[in-house]
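Chain by chain, the residues:
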Amino acid sequence: MATRRSIFFNPLSKNNPITVQVLGICSALAVTVKLEPAIVMALSATVVVASCSVVISFLRNTIPLRVRFIVQLVVAAAMVTVVDMILKAFAYDVSKQLSVFVGLIVTNCILMGRLEAFALCNKPLDSFLDGLGNGLGYGIMLVIVAFFRELLGSGTLLGFQVIPQALYDAGYMNNGLMILPPMALITVACIMWIHRLKDKTLQEK
Amino acid sequence: MDRNSNSYTLIYVAAMVIIVAFILAFTAEALKERKDRNIEIDKKRQILSSLNIDATSLNAEELYDQYIRKAVAINYRGEEIEGIDALSIATETEIKNPEESRLLPLYIAEKDGKTYYVLSLSGSGFFGPVWGYISLKSDKNTVYGAYFSHKGETPGLGAEITKNDFKNRFCGKEIFKNGLFKSIAIVKSGISVKDRDFVNGVTGATVTSQGVAQMLLNSLEAYMGFLTEK
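Going line by line, the protein sequences match chains A and B.
In terms of this note's numbering, the first sequence opens at residue 156 and continues consecutively.
In terms of this note's numbering, the second sequence opens at residue 3 and continues consecutively.
FYI, nobody ran anything at the bench for these hints, they're computed from the structure.
Mixed in with the good hints, there may be bad ones.
Unchecked claim - Looking from chain B toward chain A, a few residues come up when the C-beta cut is under 10 Å (computed):
| no. | residue |
| --- | --- |
| 1 | ILE25 |
| 2 | ILE41 |
| 3 | SER90 |
Where is the CB? At the ideal position from N, CA and C, for every residue including glycine.
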């Protein structure tokens, strides 16, 4: 039986949804051009995964097995719609930037994966920790990727200029390729590489 | 109770749907006011953007009040219709109405002592609606600035119409030539049009570019009564 500690901390590194489970890559491409939407997306996804896990976990003994996917989808879709409405009401600019991607949290493999694999057969508190851990593990990766893409692609962080003008005057240029989707994949791949270098147990035979 | 019986499954699903529907309806209703306000602020930002004023969501209302002198509804003859605020008009539905019953929003702005007219545009791109605002100088002919947006055009291609680089191409263009309404054509770079002003479209987004050109033609034509009155 896994301890609560490992349920929460494993997905942050050893069993990270993006670098180890390789789930949720699609949205990692889309929302990581700038740091701000990446952070909001990370928080939204974490809230959705954690809260859906709790709801599904509470219902786990009542859900008819034949329609369990439909029940999971309805719970996830409802939660995502609520988050989307809250963003529209309180962070309109960000919700405009994220546009369809918030709605697409429903189709994020991490969400359905955790509900099916963990929440359906574990207690609410464990499920909550698992959802929280996986959401944050996903979020950390988004933030790391977005950090490099915004820094090298636009020379800014959170919209503030960080690369000094003097460097541009000396001939430095922003790398336009960083803003395009392929560089998100390459950045993710570099992170996976470093991750496996540091943790030999992750290396595939 | 048997969790796998048909009746249990049916009742379970039905109850779940009703509960979820209730929760969603309640949240939507509770947040409606804030959301509508955000949408209005965003609309004001778009209008200001067509006047080449960059507003943030924090100062948009203040700047709007500062620059926009009048926001009125006009009909196809260019006559003002009293009691309607231009902001409340949905151009995308009005443009489909027959000419006589159409309501058109008109914003009259004053910037650095000069008068500008902001007209609302609505049309369709490749995947969905495109819309925008265009500001004309007091001669009702020369374009002062423009703003375009879209619902679902491809990022990097059709979505480029929102960029300043694209909207700035319209500045200084004229919509009338020799007293005749011609609108502004959008063409491939390297191609020129003789009888009217033109701008270069977005490379790789021909359908979106043509959609914008069509939108300018249709939407500006709707304002013909106002544009031709002295």
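Against the structure, the hints:
| no. | hint | result |
| --- | --- | --- |
| 1 | ILE25 | 6 Å, holds |
| 2 | ILE41 | 8 Å, holds |
| 3 | SER90 | 19 Å, violated |
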